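*Asks:* Residues per chain, in single letters:
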Amino acid sequence: MNEMTTNRISVKLTVNGTIYTRAVEPRLLLSDFLRNELGLTGTHVGCEHGKCGACTVMVDGRAVRACLMFAIQAEGASVETIEGLAAGADSLHPIQRAFIDCHGLQCGFCTPGMINSTRALLATNPVPTDQEIRQGLAGNICRCTGYVNIVKAVRQAAAEMRASETGEGA
Amino acid sequence: MKPKAFDYVRVDTLPALFVALQAHDDAKIIAGGQSLVPMMNFRVAQPEVLVDINGIEALRHIQRDGMRLRIGAMARYQDLIDSPQVRACLPLLVEALGHVGYPAIRNRGTLGGSVVHNDPSAEGGVALCCLGAELVVASATGERVVPIADFLVTTYLTDIAPHEVLTEIRIPVPEPRTGSAFREVAKRVGDFAIVNVAALVSVGANEEVSAVSLALGGVAETPVAIDVSRALLGRPLDATRATEAARLVDEATDPQDDNVAGGAYKRHLAGVLVKQALTAAYADATAMGA
Amino acid sequence: MKFEGESRLKGTRAAVWHALVDPAVIERCTPGCQSLAIMAPDDFELVTKVGIASISGTYKGRMRLGEKVAGERYAMSAEGAGPIGTMSVAGVVTLADVGDETLVGYAFEATVGGAMTGMAQRALLPIAKLLTKQFFKSVDQLLAAEAPPAADEVEP
Chain S
10 MNEMTTNRIS VKLTVNGTIY TRAVEPRLLL SDFLRNELGL TGTHVGCEHG
60 KCGACTVMVD GRAVRACLMF AIQAEGASVE TIEGLAAGAD SLHPIQRAFI
110 DCHGLQCGFC TPGMINSTRA LLATNPVPTD QEIRQGLAGN ICRCTGYVNI
160 VKAVRQAAAE MRASETGEGA
Chain D
53 MKPKAFDYVR VDTLPALFVA LQAHDDAKII AGGQSLVPMM NFRVAQPEVL
103 VDINGIEALR HIQRDGMRLR IGAMARYQDL IDSPQVRACL PLLVEALGHV
153 GYPAIRNRGT LGGSVVHNDP SAEGGVALCC LGAELVVASA TGERVVPIAD
203 FLVTTYLTDI APHEVLTEIR IPVPEPRTGS AFREVAKRVG DFAIVNVAAL
253 VSVGANEEVS AVSLALGGVA ETPVAIDVSR ALLGRPLDAT RATEAARLVD
303 EATDPQDDNV AGGAYKRHLA GVLVKQALTA AYADATAMGA
Chain Z
13 MKFEGESRLK GTRAAVWHAL VDPAVIERCT PGCQSLAIMA PDDFELVTKV
63 GIASISGTYK GRMRLGEKVA GERYAMSAEG AGPIGTMSVA GVVTLADVGD
113 ETLVGYAFEA TVGGAMTGMA QRALLPIAKL LTKQFFKSVD QLLAAEAPPA
163 ADEVEP
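Residue numbers (the working numbering), protein chains in the order written: chain S, 10 to 179; chain D, 53 to 342; chain Z, 13 to 168.
No wet-lab data here; the hints were simulated from the structure. Certain hints may be false.
[What the hints assert, rightly or not] Taking CB as the label site, the calculated pair distances span:
#1 S:R17 <-> D:P228: 54 to 60 Å
#2 Z:E158 <-> D:D64: 34 to 40 Å
#3 Z:T106 <-> D:N311: 24 to 30 Å
[What the hints assert, rightly or not] Under the rule of at most 30 Å between Cα atoms (straight-line distance), these lysine-lysine pairs were calculated in the DSS-like manner:
#4 D:K54 <-> Z:K22
#5 D:K54 <-> Z:K72
#6 Z:K61 <-> Z:K80
#7 Z:K14 <-> Z:K61
#8 D:K239 <-> S:K161
#9 Z:K141 <-> D:K56
#10 Z:K149 <-> D:K239
#11 Z:K72 <-> Z:K149
#12 S:K21 <-> D:K56
#13 S:K21 <-> D:K239
#14 Z:K80 <-> Z:K149
#15 Z:K80 <-> Z:K22
#16 Z:K141 <-> D:K54
#17 D:K56 <-> Z:K61
#18 D:K56 <-> Z:K72
#19 D:K239 <-> Z:K141
#20 Z:K80 <-> Z:K141
All values derive from a computational prediction rather than experimental measurement. We put the CB at the ideal spot given by N, CA and C, even for glycine.
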């Protein structure tokens, strides 16, 4: 597609399994698109330069900073936000359950990004050591917990996902 | 803050890219965007037209071509780290790129974009300086091949014109019995390195150093290769030799103060990391079978 | 932070010195300069449009010259602000003969601030150095194109 326009560009993408088509300004960041165009405010905006990790979502199965992508760049892509993680209202994903069980969140601002980064980590490394967990989540800043309970949560989630063998569908 | 408004063109081929670049005076290419978009979000960069090359398949390759590896400019950091070709031929590059940012950054960012952006301590640039890479720069009228040392002009400035695009990075595959090591110190994992060092050490039949290549980031305006061969060639690499090599680096560099660290601290770091990297690369080489 | 360098210009010390303290020359030779307003003698306000690699934007600066010793040296202090952050420099510019050319040396202390990303902070000083080099190159070209003033004309 070789289009150019000074105003809005049409973008069609899948978010949490639903196809959306919108006409947006080129400069609209994916993070702001998800929050403001689609009302999916689970993706949080922290630093807007890729450091804090609060905006981390999955794009075509890979963890990505939504604040560093323009929405129109997600043309044809499949995006998964925190809202799409739980199978249903009453069945949380093991990672979500583990974060609750282990008190891995307080204010919750970093949590969606933290959970998406955890998804990405466990998809490539289902049996991470504590050091590997810390390394894998180094791009997500938390101001509340001191990280100890986050590491515990990831450990629990990893164990549960291995045990149940439903695993991460990637 | 949000980016200033801009026009957007998506191109899927190189010819289409050149048409777009020639049609617009203030056009900026966007690849992975992991350096450009932060700058745009803070309005430090304000291009009027963004030309998106993420769809150009011809820039994604990773292929072995005789004694060199040819890497397309759009190859993403994580794809390079995961590539069996790169892991087999260029372990130094794998080790270096593992220090770039975080997983989410590595999933989008590209080695080509990093080289053109040219941060003073960019891990990609430092590794490529050590490896002696060449860069293929193309325009509508043809292409030219530029050695990395010539390409990196000064901080955030490289030898590429607004109507040109980096298409490929060509890296000679190191000889057998060449060990490698990459060392870095940063305030936080994934932060810009304060100082980093890439080392390649080749050994001969008697474990004497037969070749050495060393590059540093964070001590000059761009990543730089420093020649330490006269301290190391023809002899085993022991602590005394490593110290001598570090002394040569110290003489050849003049790190400056900046907002992150003072010049004296960087100088100290460089000495320590040079010794560590050379020692580790030598151990890596001697551990390989003859 | 130190911000030092030197530049060799093809002109006599007198001609170069006059050029460097002349607001008309400063306006012409400052890269991207859109306007220079004289607030008071040796006190200028500049608006420049920067465009280097990815970095672009409009920057506003204030420059003051002082302690002038004709043909030899002057002190300069300047502050600038723009999208990339703020920077202030203070120091001395000295001139020396090199044959029939002039070696201009500058030694400033620079402080940068306000920049919000690590990348912007890293860029400030290198960009300033690049712009300074471009400035001196432009002055050099200007002097080469124009006839130099009489060599014995040095103002008190």
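*Asks:* Are the hints correct? Go through all of them and say.
*Replies:* Hints versus structure:
1. S:R17 <-> D:P228: 54 to 60 Å: Taking Cβ atoms as reference, S:R17 and D:P228 lie about 57 Å apart, which means the hint holds.
2. Z:E158 <-> D:D64: 34 to 40 Å: Since Z:E158 and D:D64 have Cβ atoms about 51 Å apart, the given range 34 to 40 Å is violated.
3. Z:T106 <-> D:N311: 24 to 30 Å: Holds - the Cβ-Cβ distance for Z:T106 and D:N311, about 28 Å, lies within 24 to 30 Å.
4. D:K54 <-> Z:K22: violated (46 Å)
5. D:K54 <-> Z:K72: holds (21 Å)
6. Z:K61 <-> Z:K80: holds (29 Å)
7. Z:K14 <-> Z:K61: Holds, at roughly 24 Å.
8. D:K239 <-> S:K161: holds (25 Å)
9. Z:K141 <-> D:K56: Since the Cα atoms of Z:K141 and D:K56 sit roughly 27 Å apart, the hinted pair holds (cutoff 30 Å).
10. Z:K149 <-> D:K239: violated (38 Å)
11. Z:K72 <-> Z:K149: Distance of about 22 Å is within 30 Å: holds.
12. S:K21 <-> D:K56: This hinted pair holds, its Cα atoms lying about 23 Å apart.
13. S:K21 <-> D:K239: violated (40 Å)
14. Z:K80 <-> Z:K149: Distance ~22 Å between Z:K80 and Z:K149 Cα, so the pair holds.
15. Z:K80 <-> Z:K22: Cα-Cα ~21 Å, so holds.
16. Z:K141 <-> D:K54: holds (28 Å)
17. D:K56 <-> Z:K61: holds (16 Å)
18. D:K56 <-> Z:K72: Between D:K56 and Z:K72 the Cα gap is close to 19 Å, so the pair holds against 30 Å.
19. D:K239 <-> Z:K141: holds (26 Å)
20. Z:K80 <-> Z:K141: holds (23 Å)
Checked against the numbered hints given earlier, this structure breaks hints 2, 4, 10 and 13; the rest are met.
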